[in-house]
Structures are given as C-alpha cells and as structure tokens.
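Protein chains in written order, with the working numbering: chain A, 21 to 201; chain B, 353 to 552; chain C, 5 to 104.
These are calculated hints, taken from the structure and not from any lab test. The structure presented is a predicted model; accordingly, all values stated were derived computationally and were not measured. By construction, the Cβ of each residue, glycine as well, lies at the ideal position given by its N, Cα and C atoms. Among the hints, erroneous ones may be present.
Claimed, not checked - Reference excerpt, derived from the structure (chain B facing chain A, CB under 10 angstroms, subset only):
1. E372
2. L374
3. E376
4. L378
5. R404
6. D411
7. D416
8. W427
9. V431
10. S434
11. F478
12. C482
13. I501
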Amino acid sequence: MAGLDAASDALLAERSADGDTVAFGILVRRHGPYLRAFATRLTGSAADADDAVQEALIAAWNQLSTLEDPAKVRTWMTSIVSRKSTDRLRRRKPSSELDDQRPDTHERGPEARAIATSQLDALAGVLSALPEGQRQCWVLKEVGGYSYEEIADELDLTPAIVRGRLARARATVISEMEVWR
Amino acid sequence: MDDHLTEETPDIGGSGYTLEDLSEYLDRGRTPAIAAIDDNAECQSVLASLERVGALSRDLVAQDAALNPAIDESWLASVFSSITREAKAGRDIPLSSPDPRTRLSITEGAVRELVRAAGDAIDGVFVGRCDLDGDPTETGSGIRVGISISVVLGSAVHDVAETVRQRVYSELLTHTELTIEAVDVTVTDVHVIANGSAPE
Amino acid sequence: MSDLELAAVLEPLVRGVAGVSTVYSSLPLLAQSAKQITRGADAPPLIAIDRSSTAVTVTINVGVSGSAQAPATAAAVAAAVRAAVGADAEVVVRVSRVLD
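Make the full structure from the sequences, and use the hints.
As structure tokens, this is what we get:
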C-alpha cells in the first residue's frame with residue numbers, strides 16, 4: 021500500500037493512536053515545520069524550539085489515545101508544543117520575574133537590524149525586540165489562540181498580568197507597524 | 353505589581369476606553385457590545401489594526417514554516433528511537449494450547465495491525481480506526497470488529513467496503529480463534545492520489 | 005547451563021520454526037534502556053527466563069509471517085521450546101505481530 025501521505029490528518033491520527041509509526045512519521049513531516057516555527061517564535065531560540073518539539077512529539081505519541089477529535093491533531097500537537105516550550109522558558113527564568121517594562125536584554129537580532137523589506141520582516145523585528153514576557157504572551161495569544169486563563173496557566177502568571185502584558189505588546193506592535201499601513 | 357498604569361494609558365479617541373480595554377474587548381469577541389467603542393472611529397481603527405497584526409503574526413509563523421520545510425533526519429531519528437509500540441500491544445487474546453503449562457496468545461495490537469494491513473492491501477483504501485467490541489480475552493465470546501476507511505474519490509464505495517469486509521474476516525479466521533459476530537466497515541473519509549495517477 | 009546461555013540457545017531454535025518471521029523482546033519496556041533497544045553487545049536476551057522457587061517460565065514474543073497461521077505457528081514454537089526445556093517449565097508464546 022503506497023501513498024499513505026495522501027491520507028487526512030484524522031486518519032493518520034487514528035492509525036498513530038493504534039501504534040502505526042509510519043502514519044505518525046507522516047504527521048511529523050507534515051506538521052513538524054509549523055510546530056518548530058511556532059516554538060521558535062515562542063521561545064526566541066531555535067535550539068530550544070527543536071528540543072521542545074522533539075519532547076512534544078514523543079509526548080503526543082504516548083497520549084494519542086486521549087485525543088477526542090482526530091481531525092484536530094495539529095491544534096492538539098501545537099498545545100503540547102506550547103507546554104513543552106513554556107516549561108523550558110520557566111526553567112530559564114520564572115515568568116513572574118520577567119520585567120516587561122524594561123527592554124529585552126538580548127541584543128536585537130539581525131532581523132531587527134536589517135531594513136525590513138516586507139511587512140512580515142518588520143513584524144519579525146518588532147516581535148524579537150519585545151520584552152520576553154510580552155513576546156511569550158503575544159505568540160500564545162495571537163498565534164496559538166489561547167485564552168488569558170490558558171496563557172496564565174502555562175506561564176504561571178495571573179490572567180490580569182497576561183492581559184496587561186498583551187496590551188503593552190499590542191501598543192508597541194501597532195505603533196511600530198503603523199508605517200506599513 | 354500594578355498592571356494598570358492609568359496615568360500612562362490615555363483613552364482612545366475620547367471613548368473612555370484604553371488600549372487595554374480594547375484589547376480585552378477584541379479578545380472576548382466584541383460581546384457584549386459596547387456602543388462607545390463600536391461607534392467610535394478611532395477605536396474601530398485601533399481594533400482593525402489589532403486584528404491585522406494578529407493575522408500577520410499567524411502569517412509570519414506560516415512563512416517561517418514554509419521557508420524551513422526540511423526535517424533533519426537525525427532529529428527525526430531521535431524522536432523515533434524514543435517511541436515504541438510496546439504500549440500499543442494491548443491485552444493477550446488467548447489461542448488454544450496443547451497442555452496446561454503452555455499459554456499461547458496473540459496480542460490485541462497484532463490483531464488490529466493485521467486488520468489494518470488487510471484493508472490497506474486493497475487498492476485505494478486506507479484503514480483509519482479499528483475497534484474490537486467485546487471481550488477478546490474471554491474465549492468464545494462474540495466480537496464485533498468496527499473499521500473506518502478512507503477511499504479514493506470516485507470509488508464504488510459499496511463494493512470497496514464489501515471487499516474490505518471479506519478480506520478482514522478471512523484474515524481474522526486465519527490468525528485468531530475469535531468468534532467474529534460482524535465486521536462493520538464504514539467509509540468516513542475520501543482522499544485523492546497525488547497527480548491523479550492510479551493507486552499502486 | 006545458565007539462564008543467559010539457555011536463552012541464547014532457544015533463540016535460534018525459535019527462529020527456525022516455520023512461520024516465525026521475527027523474535028521480539030519479551031522484557032517489559034521499562035526494563036530496557038534506549039541503548040539496549042538498539043541491540044548493542046550488552047543487550048538482554050530476547051527470550052525471557054524467569055525463575056521462582058517453584059517454577060521456571062519461558063516467555064517468547066514472536067512475529068508470524070502473513071502466509072502462515074498464527075495459532076499453528078505459536079503452537080509449533082511452544083513445542084520446539086518445550087522439547088528443549090522439558091515438561092516442567094511454563095512456556096508462554098505471544099504473537100505480537102503478523103507481518104506480510
């Protein structure tokens with residue numbers, strides 16, 4: 021039987037839940053790049069992202085039987101990646117300590133320094149310059165689609181703090197992206 | 353820590369609402385509706401900008417993924433060396449044994465895998481879910497097998513399902529001693545083969 | 005002969021039974037480390053021999069070829085092992101996979 025990569029996410033998830041490593045491999049290749057990109061924007065580090073995604077995929081394999089709607093396997097894997105990423109972030113530094121009123125102590129990355137030639141480049145630069153606590157809330161909210169409560173849970177904060185950090189991040193982003201309107 | 357820096361957060365467009373308020377209004381789907389925000393041009397402009405940068409953020413991650421589509425093989429290998437099929441073995445399904453000191457069995461995992469392989473072997477079919485209803489560990493008790501399959505768009509669905517049913521039943525007779533009450537095949541999905549070529 | 009030697013003797017015996025395509029590890033996963041799974045020199049034997057004060061149990065996990073029949077093959081494996089270990093041992097044969 022060839023061409024299992026033509027199968028839907030739902031079917032592949034069902035087979036993976038039954039122990040089919042080939043089906044799981046196809047899911048990994050299909051969604052791996054997105055999961056890695058998400059984790060990189062969330063953690064700010066490609067190396068951390070690679071590790072987090074690896075751990076998340078292993079956890080996903082073990083928990084596949086708990087997935088109620090196999091068609092939602094990508095969203096489900098993204099949520100596991102979020103948790104593994106934020107676990108790493110918390111180990112680096114407790115979220116509550118991230119002073120989000122001071123600029124990020126990391127140097128602005130090459131994306132920020134280069135002259136942005138597109139909206140997306142510009143946004144990448146703005147995001148990488150955000151204080152880390154704000155950036156984490158941003159990625160989880162805008163890309164991950166999580167609620168304040170869910171973000172607060174993952175980052176070990178209160179929903180009020182999440183709301184505040186998100187608002188400050190939004191203020192920065194919309195003002196810096198104004199020129200691209 | 354005080355998260356409401358009220359002296360630094362002016363209201364937007366004279367609406368009486370700050371950016372943080374608008375941010376939260378957006379996140380709860382603009383309900384319940386607040387007229388002072390909905391009727392205020394500058395508020396609407398800010399909300400539109402917030403939605404725009406949100407969408408751009410999702411596009412950014414999608415672009416990242418599109419620009420980095422390759423999965424490093426050794427990275428993938430470390431994932432696979434850590435996952436095993438052991439947990440999927442399931443219960444032992446008894447096979448008749450020649451003497452009391454010999455115990456023979458086939459695992460549930462093996463049965464599901466062979467059901468799946470039987471369906472997959474048919475052109476244009478992928479097996480998805482495979483359920484065994486009943487207690488396979490109790491000798492003689494009847495089992496219903498439920499399978500969901502995906503077929504190639506345009507297939508004669510009835511005929512394909514029937515072929516799958518017969519093949520699965522035959523495999524179960526060959527390799528197990530289960531009392532099969534029924535094999536239910538449901539087509540839950542369709543797929544197309546890439547490039548429109550015939551399935552191999 | 006030690007249990008390690010016995011397991012080593014039984015393994016080719018089992019592989020030689022018609023219809024057997026693979027011999028899998030009988031040890032529960034937790035007892036195996038990731039390195040051992042890749043069959044290095046220190047890998048534990050595939051066939052498990054457990055002794056209590058009253059009995060010895062030999063456990064074999066096999067993959068059966070799709071062109072054979074799992075029940076008959078399992079019985080044949082048991083018979084081959086029984087011939088080597090005698091009438092008193094418990095023999096457990098588990099078919100973990102049926103392969104094309």
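Verification of the supplied hints:
1. For E372/B, the suggested interface contact is upheld, since its CB lies about 4 angstroms from the closest CB of chain A, less than 10 angstroms.
2. Because the smallest distance between the Cβ of L374/B and any Cβ of chain A comes to about 8 angstroms, under 10 angstroms, the interface hint for this residue holds.
3. A least Cβ separation of about 6 angstroms between E376/B and chain A falls short of the 10 angstroms threshold, and the interface hint therefore holds.
4. Interface hint status for L378/B: upheld, as the beta-carbon distance to the closest one in chain A is roughly 9 angstroms, under 10 angstroms.
5. Below 10 angstroms, beta-carbon pairs count as interface contacts, and R404/B has one with chain A at about 8 angstroms; its hint therefore holds.
6. Satisfaction of the interface hint for D411/B is found here, the shortest Cβ-Cβ separation to chain A being roughly 6 angstroms, below the 10 angstroms cut-off.
7. Taking 10 angstroms as the C-beta contact cut-off toward chain A, the hint placing D416/B at the interface holds, the least distance being around 3 angstroms.
8. At its closest, the beta carbon of W427/B sits 6 angstroms from a beta carbon of chain A; the interface hint therefore holds under the 10 angstroms criterion.
9. Here the hint on V431/B is kept, as its CB sits about 5 angstroms from the closest CB of chain A, short of 10 angstroms.
10. Because the smallest distance between the Cβ of S434/B and any Cβ of chain A comes to about 5 angstroms, under 10 angstroms, the interface hint for this residue holds.
11. For F478/B, the interface hint holds, since its Cβ comes within 10 angstroms of a Cβ in chain A; the closest pair sits about 5 angstroms apart.
12. Against a cut-off of 10 angstroms between C-beta atoms, the interface hint on C482/B holds, since the closest Cβ of chain A lies about 6 angstroms away.
13. Hint status for I501/B: holds, given a least beta-carbon distance of 9 angstroms to chain A, under 10 angstroms.
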